[in-house]
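There are 2 protein chains.
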Amino acid sequence: MIKIEEALEKILDGVEVLGEEAVGILDCLCRVLAEDIYAGTNLPPFDNSAMDGYAVRSTDLKGVSKENPGTLKVIEEIKAGDVPKEALAKGVCCRIMTGAPIPEGADSVIMVEDTEADSREEVRIFKQTGCGENIRRAGEDVKEGDLVISKGVVIRPAEVGMLAALGKRTVRVVKRPVVAILTTGNELVDIEEEVGPAKIRNSNGYALYALILKYGGIPLMLQTARDSRDEIRRKIEQGIKADMLLVSGGVSVGEYDLVREVMKELGVEMRFYKVAIKPGKPLAFGLIDKTPVFGLPGNPVSSMITFEIFVRPALLAMSGRNDFRRTEVRATIKEEIRKKPGWRHYLRAQVEYREGRGYATLTGPQGSGILSSLIKANGLIIIGEEVTMVESGSEVLVRLLD
Amino acid sequence: MIKIEEALEKILDGVEVLGEEAVGILDCLCRVLAEDIYAGTNLPPFDNSAMDGYAVRSTDLKGVSKENPGTLKVIEEIKAGDVPKEALAKGVCCRIMTGAPIPEGADSVIMVEDTEADSREEVRIFKQTGCGENIRRAGEDVKEGDLVISKGVVIRPAEVGMLAALGKRTVRVVKRPVVAILTTGNELVDIEEEVGPAKIRNSNGYALYALILKYGGIPLMLQTARDSRDEIRRKIEQGIKADMLLVSGGVSVGEYDLVREVMKELGVEMRFYKVAIKPGKPLAFGLIDKTPVFGLPGNPVSSMITFEIFVRPALLAMSGRNDFRRTEVRATIKEEIRKKPGWRHYLRAQVEYREGRGYATLTGPQGSGILSSLIKANGLIIIGEEVTMVESGSEVLVRLLD
Numbered sequence: 038m039i040k041i042e043e044a045l046e047k048i049l050d051g052v053e054v055l056g057e058e059a060v061g062i063l064d065c066l067c068r069v070l071a072e073d074i075y076a077g078t079n080l081p082p083f084d085n086s087a088m089d090g091y092a093v094r095s096t097d098l099k100g101v102s103k104e105n106p107g108t109l110k111v112i113e114e115i116k117a118g119d120v121p122k123e124a125l126a127k128g129v130c131c132r133i134m135t136g137a138p139i140p141e142g143a144d145s146v147i148m149v150e151d152t153e154a155d156s157r158e159e160v161r162i163f164k165q166t167g168c169g170e171n172i173r174r175a176g177e178d179v180k181e182g183d184l185v186i187s188k189g190v191v192i193r194p195a196e197v198g199m200l201a202a203l204g205k206r207t208v209r210v211v212k213r214p215v216v217a218i219l220t221t222g223n224e225l226v227d228i229e230e231e232v233g234p235a236k237i238r239n240s241n242g243y244a245l246y247a248l249i250l251k252y253g254g255i256p257l258m259l260q261t262a263r264d265s266r267d268e269i270r271r272k273i274e275q276g277i278k279a280d281m282l283l284v285s286g287g288v289s290v291g292e293y294d295l296v297r298e299v300m301k302e303l304g305v306e307m308r309f310y311k312v313a314i315k316p317g318k319p320l321a322f323g324l325i326d327k328t329p330v331f332g333l334p335g336n337p338v339s340s341m342i343t344f345e346i347f348v349r350p351a352l353l354a355m356s357g358r359n360d361f362r363r364t365e366v367r368a369t370i371k372e373e374i375r376k377k378p379g380w381r382h383y384l385r386a387q388v389e390y391r392e393g394r395g396y397a398t399l400t401g402p403q404g405s406g407i408l409s410s411l412i413k414a415n416g417l418i419i420i421g422e423e424v425t426m427v428e429s430g431s432e433v434l435v436r437l438l439d
Numbered sequence: 038m039i040k041i042e043e044a045l046e047k048i049l050d051g052v053e054v055l056g057e058e059a060v061g062i063l064d065c066l067c068r069v070l071a072e073d074i075y076a077g078t079n080l081p082p083f084d085n086s087a088m089d090g091y092a093v094r095s096t097d098l099k100g101v102s103k104e105n106p107g108t109l110k111v112i113e114e115i116k117a118g119d120v121p122k123e124a125l126a127k128g129v130c131c132r133i134m135t136g137a138p139i140p141e142g143a144d145s146v147i148m149v150e151d152t153e154a155d156s157r158e159e160v161r162i163f164k165q166t167g168c169g170e171n172i173r174r175a176g177e178d179v180k181e182g183d184l185v186i187s188k189g190v191v192i193r194p195a196e197v198g199m200l201a202a203l204g205k206r207t208v209r210v211v212k213r214p215v216v217a218i219l220t221t222g223n224e225l226v227d228i229e230e231e232v233g234p235a236k237i238r239n240s241n242g243y244a245l246y247a248l249i250l251k252y253g254g255i256p257l258m259l260q261t262a263r264d265s266r267d268e269i270r271r272k273i274e275q276g277i278k279a280d281m282l283l284v285s286g287g288v289s290v291g292e293y294d295l296v297r298e299v300m301k302e303l304g305v306e307m308r309f310y311k312v313a314i315k316p317g318k319p320l321a322f323g324l325i326d327k328t329p330v331f332g333l334p335g336n337p338v339s340s341m342i343t344f345e346i347f348v349r350p351a352l353l354a355m356s357g358r359n360d361f362r363r364t365e366v367r368a369t370i371k372e373e374i375r376k377k378p379g380w381r382h383y384l385r386a387q388v389e390y391r392e393g394r395g396y397a398t399l400t401g402p403q404g405s406g407i408l409s410s411l412i413k414a415n416g417l418i419i420i421g422e423e424v425t426m427v428e429s430g431s432e433v434l435v436r437l438l439d
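Sequence lines, in order, name chains A and B. Quick note on this note's numbering: the first sequence kicks off at 38 and runs consecutively. Quick note on this note's numbering: the second sequence kicks off at 38 and runs consecutively.
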């Protein structure tokens with residue numbers, strides 16, 4: 038039996054970032070960028086007006102004011118998208134709309150609110166202006182050649198907007214890991230089937246499916262193998278063709294737990310079996326070629342908590358992400374907690390904040406089959422390996438789940 | 038011009054939770070449950086063994102110990118999924134595996150570690166046992182008839198597992214809002230086209246597409262309308278058939294800003310226009326029948342920030358979610374900040390934590406067209422309407438973005 042940190046280290050040592058693929062800009066949200074994005078153009082691409090108003094030469098308006106307005110001839114109107122027809126000579130101006138290109142010769146824009154026009158040909162201006170005023174300069178956001186988004190970034194909506202602005206229709210991203218899910222056990226029936234006596238529904242397969250989706254993987258359901266060496270072997274052979282294989286159940290000590298035997302037969306190099314964690318002790322991990330293989334405990338809560346602690350970091354690491362540390366907060370507990378030494382316990386709890394302080398309450402019985410207490414939980418209270426008692430009212434560390 | 042809180046109130050008053058639909062259990066992650074889920078069965082459905090070992094009658098083992106073992110006849114072996122063949126008479130036991138049903142007559146399970154067997158027919162037992170020991174009782178997780186998951190819950194992997202355990206193949210959830218996106222402006226060219234002089238790429242459409250996806254909506258791209266009354270009218274008519282319409286650009290004061298005019302012509306009842314927020318002032322909101330219509334400012338950053346502050350809550354509310362409050366933290370700023378009174382400012386910033394304290398740094402120029410500073414930001418510093426200066430080293434409120 039090894040410690041949690043040692044197990045996690047072996048897992049992260051064993052997995053590699055997957056290869057790359059090109060995806061369209063509408064499909065790249067939450068993916069990890071696999072290339073540096075350089076600007077192929079200035080943004081904005083040309084000097085343009087920040088306002089609706091008049092593009093002028095500031096020297097033409099020296100000294101003008103509300104009391105002493107200047108009058109300029111309007112030679113054209115430039116709307117957003119228009120190309121100015123001529124350069125501004127001395128004493129003339131252009132009517133200009135927000136986003137329209139600044140005509141040659143103009144050096145600033147007067148807001149429409151500071152002007153008055155009786156006709157389209159002439160405008161009275163009540164304010165002088167400084168060079169550059171109300172002009173957005175070409176390249177003031179991004180300069181051609183700039184490194185704009187770095188490899189490794191998780192793409193958010195702002196990055197999508199920037200990629201579009203730069204004209205990138207597709208980007209190279211890290212592939213999403215395909216994760217095969219195999220559930221084992223003669224007692225399991227699928228959701229489509231009738232539950233006969235002595236049978237229970239396969240819930241782990243569905244919970245794992247959702248967990249894989251949630252953390253960016255592509256789940257691949259292999260369905261349930263009965264406790265037969267042949268059936269398990271056939272399904273595991275299929276599963277190790279994926280980027281990762283999760284086998285749920287069948288890794289405990291029993292005579293009928295064939296999973297680890299078959300894994301070894303197929304050449305899976307086992308890295309560890311059994312971790313000092315509760316729930317979740319009978320957790321196995323190995324590698325075949327570069328495919329990580331997890332043997333997860335069959336109890337529903339053990340399965341989900343070992344996913345949280347061990348599989349999630351592996352999945353994110355393979356996706357090119359290194360932001361898999363969870364937030365852990367301090368919170369006061371009401372209940373006294375007692376445990377045996379030797380295992381680190383993760384207890385299902387609800388954390389609430391009152392006046393800036395965290396309070397954690399156990400959400401019910403902590404048996405490894407009690408899913409209802411996981412449903413009520415938003416965090417896991419962590420009780421260290423050597424601790425045997427935590428007094429009520431003390432402060433504990435809680436890993437937040439969402 | 039109205040205040041942010043007033044605008045938000047008008048928006049939330051105007052939107053309603055969408056109708057329901059049934060989805061398969063593999064597609065329900067992150068959806069909002071539209072029905073209460075009651076247990077149609079006990080979980081676990083029957084008393085079963087928590088261990089590999091022997092199912093016994095505790096009265097048969099009174100006083101046995103390591104030194105004074107008891108011997109019981111083994112009448113059968115019950116594996117997970119097996120139905121026990123006979124009830125336990127006095128003096129006999131069954132070999133039993135984890136998850137297998139407890140045979141009638143047995144009241145506890147002895148772990149295999151506390152036994153020794155030379156043959157399949159007989160076992161020596163070194164420990165006495167209490168009634169109920171190592172048995173998971175039928176219904177100890179969930180009792181038939183229990184309310185297990187309440188309407189309104191956002192479905193997480195644990196809920197998916199529970200739904201599977203209860204045999205729910207499909208669940209009723211709130212529909213995802215279909216959100217139409219219309220970008221306007223003669224200056225816009227799509228990502229597929231060449232950028233000519235005076236033109237810029239449509240980036241808002243893509244950023245909004247990603248934002249809608251991120252918050253659970255179904256984006257519907259109407260592409261770009263040129264600044265022509267007919268074209269805008271045609272596209273808006275299309276857009277108001279969706280659950281929500283976002284129009285980007287064309288709601289400013291200019292002569293060529295036709296969007297609000299067309300909206301009014303079509304019968305959109307405008308609720309407000311202009312909010313005291315920067316970036317984002319020219320924001321319009323109205324309703325036609327029950328479809329909310331937003332006129333978002335055309336500048337890329339204004340567009341994304343008004344989405345964050347106003348559209349996101351509306352989208353989540355329509356999806357049946359009421360958890361749209363963002364985390365706001367206190368952080369110390371390095372820079373002095375000056376502004377004009379009258380508007381609440383949201384400044385792009387990077388927040389970091391050192392020794393439990395938050396520090397915020399502006400990520401660059403704050404112009405409403407500067408996307409590069411939004412890309413570097415993980416939060417928005419909030420500067421109140423009436424504030425005109427914040428000294429360097431003071432504490433500010435920061436809305437976290439991710």
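Calculated from the structure, these hints are not laboratory results. Note that this is a predicted model, so its numbers are computed, not measured. Errors might be hidden in some of the hints.
One copy or any two copies: either way a pair holds, since identical chains are not told apart in the list.
Said to hold, decoys possible - Below, computed lysine-lysine pairings styled on PhoX-like, alpha-carbon distance capped at 25 Å:
{"hint": "1", "residue 1": "Lys327", "residue 2": "Lys278"}
{"hint": "2", "residue 1": "Lys318", "residue 2": "Lys164"}
{"hint": "3", "residue 1": "Lys278", "residue 2": "Lys212"}
{"hint": "4", "residue 1": "Lys188", "residue 2": "Lys251"}
{"hint": "5", "residue 1": "Lys180", "residue 2": "Lys251"}
Status of the hints after comparison with the structure:
no.: 1; hint: Lys327 <-> Lys278; result: within (10 Å within a copy, 50 Å between copies)
no.: 2; hint: Lys318 <-> Lys164; result: between (77 Å within a copy, 24 Å between copies)
no.: 3; hint: Lys278 <-> Lys212; result: within (15 Å within a copy, 36 Å between copies)
no.: 4; hint: Lys188 <-> Lys251; result: both (22 Å within a copy, 21 Å between copies)
no.: 5; hint: Lys180 <-> Lys251; result: neither (37 Å within a copy, 29 Å between copies)
Checked against the numbered hints given earlier, this structure breaks only hint 5.
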